[in-house]
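Participant: For reference, the chains in residue letters:
Number of protein chains: 2
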Amino acid sequence: MKLYEKVAEELSQQISQGYYQVGTKLPSIRCLSKNHSISISTAQEAYRLLEDQGIVEVKPKSGYYVRQQNSPPKLPEISRPIQRPIDVSQWHQVLDLLTSHNRHGEDLITLGRALPDYHTATLQPLLRTMASLTRDVDNLGRSQEELNGLEALRVQIARQMMHSSCQLHPDDIIITNSCQEALSISIRVTTKPGDVVAVDSPSFYGTMQTLRSLQLKVLEIPTHPETGISIEALELALEQWPITAVQVTPSCNNPLGYTMPDNRKKQLYQLAQRFDIAIIEDDIFGDLSYNTPRSNTIKSFDQDGRVILCSSFSKTIAPGFRLGWAAPGRYCDLVTHMKYVSSGCTATVPQLALADFMAQGGYERHLRKMRQQYKQSRDIMLGWLKRYLPENIRTSYPQGGFLLWIELPEMIDSVELNTRLALQNVQIAPGILFSATGKYRNCIRINYSGEPSARQETAIKKIGDEIFKMLDELETNK
Amino acid sequence: MKLYEKVAEELSQQISQGYYQVGTKLPSIRCLSKNHSISISTAQEAYRLLEDQGIVEVKPKSGYYVRQQNSPPKLPEISRPIQRPIDVSQWHQVLDLLTSHNRHGEDLITLGRALPDYHTATLQPLLRTMASLTRDVDNLGRSQEELNGLEALRVQIARQMMHSSCQLHPDDIIITNSCQEALSISIRVTTKPGDVVAVDSPSFYGTMQTLRSLQLKVLEIPTHPETGISIEALELALEQWPITAVQVTPSCNNPLGYTMPDNRKKQLYQLAQRFDIAIIEDDIFGDLSYNTPRSNTIKSFDQDGRVILCSSFSKTIAPGFRLGWAAPGRYCDLVTHMKYVSSGCTATVPQLALADFMAQGGYERHLRKMRQQYKQSRDIMLGWLKRYLPENIRTSYPQGGFLLWIELPEMIDSVELNTRLALQNVQIAPGILFSATGKYRNCIRINYSGEPSARQETAIKKIGDEIFKMLDELETNK
Ligand SMILES: Cc1ncc(COP(=O)(O)O)c(C=O)c1O
Ligand SMILES: Cc1ncc(COP(=O)(O)O)c(C=O)c1O
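Residue numbers (this note's numbering), protein chains in the order written: chain A, 12 to 489; chain B, 12 to 489.
Mixed in with the good hints there might be a few duds.
Unchecked claim - Taking lysine to any residue pairs in the SDA-like style, the calculated list, with each CA pair at most 20 Å apart, reads: (1) K203(B) - P204(A); (2) K380(B) - V148(A); (3) K203(A) - D98(B); (4) K203(A) - P204(B); (5) K203(B) - Q226(A); (6) K380(B) - G152(A); (7) K397(B) - L86(B); (8) K13(B) - G373(B); (9) K203(A) - L225(B); (10) K203(B) - G205(A); (11) K203(A) - G205(B).
No lab work stands behind these hints: they were computed from the structure.
Extracted from the complex, chain A is given alone in its bound form:
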């Protein structure tokens, strides 16, 4: 944390503890500089940050005041997807998102991808270890060593998951090439072609495309932007349809950012138990929860091994790291077989390096930094949205991770919006990707993982401007 960030954090805490009330004048720059023994410019930066976060406001020729707190944004309503099992479409739209940067080159601001910020000093120890392990040719032969992944890494993952109240033995864990592989394998071992899988909605497109590839039907369940998948709606669906598994991302959800309260997670588990179905729990953003201790995983309530917990380090470290894992409970043997046929063993060097990074405390240090940065960026992003987008939008209020869901006015077509923005080097993710059938057409998902900058702010302004333009055109054409 930089010095000005520390000072800002301290002030922000004093404000939230009521030490300074809304409307009160705060210490002047000079005062702040003296009290904290910091330079004038550092004091200015601290205030600038608090201003960006919407915590303080400047009154010209007077000074800084505590602002009416950034109230949580107006949330979208509970989603209303189609209430019957359907086939997944939208592959070409997903492919388009995955390859658009190739067509638009380096300058594209890719707000549409779920890429973390990996340009951070806290990752340097990991890179150094990895580079030195790479030089040792013996490590190129070691991949065959343990089919389920290196024990040293599985030990660390088991330890890490204790933060989510999960009691895992290292042997309960199988290392994979990314979370996508973990999810893909988990779905394969719990279903057969033609089966119905229930998912939260909107939902991560990678999972839905997996269902498509396996000729599974998807049943999208209404999902609340604060509490997640509707237990009530799922129960009704279970009574009506032959569902074999439910796949959810209950902590720091992609795209909605919510974390299901622990009691709802438990209810979901009990429901699965009652109807004897498997749960595939995607926890890929779980370590990036803004609240500590982080919330429980559904897996932590698992008593009969029906929950397969899947995750990776693609969001917490970097997408190119390609290390994921599954804790498959009662499906362990099947998952081992499926992992073997899916891609054989997993590369050794990243596993060794990561095990070391975690054991040394480097991962936890890195997480602390990222959680704080992302939370700060969320508030700044929400401020920009207030400034540049129409007033009647609704947005999610992420409790972790770095993704924001925006519901635009009904008549806005976000695919069209994306096409227009591409010409201005801004890329967003249209909502249709997160539905099996192209719903959520008036929604978009953007990331706020990059450190807030003028470039980012400009991108948000462009989004806002383009929306206003589209609204105008619609008005004119009426």
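For chain A, the structure is supplied; the task is to place chain B with the ligands on it using the hints.
Facilitator: Coordinates of chain B with the ligands only, in the frame set by chain A:
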């Protein structure tokens, strides 16, 4: 190539060109040293190598003589697998092979695994590049760059495959995590559960386990140890059963070592065309062919895109490298989708490093060394087998790669043999792994990838001793 190897190679060529006849005396050590301006000890080493290869023999107090050439070994007969579609079993036996080194520790001589020799100076440039690329954090983010893999690498692979008369465009290639993933995806896009897939027999267990995981039936086709899968038997099978795809490893086959002659490859392609089925061609050992130019791939005859060519660098570089690829012909879009759901994008650093290594000529240099080393080791291994194993065994005569198939006397149970050898720290691959039903119980597969050493020779002697012991016991118990 070391100096003594060069000299030995030269002599060996003169012998095979008839310059020295069988039984002729060769130049003395002193003469050789003088003629070639090499040291006495180098000359001695050259002769020692030729002796190991079975090309020359010493007559005490007389000198070196051209030996009756190592005639090709007595080959096994064409295989006779069960002639109807069946389910694949043997998973626990495969798992046992894959994990046995964990139970037996460091000292185990793993002749049972298909591991190449990667302790070679020719790989150093690759490791250096990889280590330096690893230090750059930007490369951790780049994985998302190209779903089908980095173009720079695809260009190099397309170029490399020209040696097999294959005309590939870089866009025809999709990078995967290993050959196993390429095979798995290829089978998934060409079949549906319940379908029948024809394979050569004996056949690589990874592919058969893949068929198992997809609830496919396998039909094992009689296979000749010199010419590969029987076209005639396959034709009969195609007339009788609803086969949707045929999976073969026609060049430097695992486990039989043969390379199908080009005209048989072409016939196989034409047959597939006539019955309108897909061919999944595994070429993982193809670059290690002892003959240059290497033979054609079946893919090189492909006119309508029905051949999916799969390979990786696990045998030519190292198993932990985990980079493979598929050239899926008409199945390209399906394979892209399946690769995405199977494991998302592929890690960037190994791709960048390998592209550079290939572009600089490092890969070709490395291949040249390995081909020569393996060919030499094959002849030494065949010599040891003659010395230490019963006379009535039959063995394959590999034309590339580093794997040898040995047919033991009918009554020898190679699973039992393996168990006994494990106690003596020697591991072999029992033949049952290479069949869907546990056939080939009297066969074993061993590798000769390690540079021949006293330790290796001792291992072969232990195998021989144990076989003689088992034969004795059987005799006694009669
Ligand atoms: C919810 C969720 N699950 C899984 C994945 C895939 O992660 P990985 O890159 O580790 O395959 C993503 C990536 O976007 C994701 O957002
Ligand atoms: C014929 C054959 N195909 C595929 C494979 C798997 O290779 P990879 O390690 O690249 O998945 C092997 C490895 O033993 C093999 O022998």
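Participant: Hints numbered earlier in the text: which of these fail when held up against the supplied structure?
Facilitator: none
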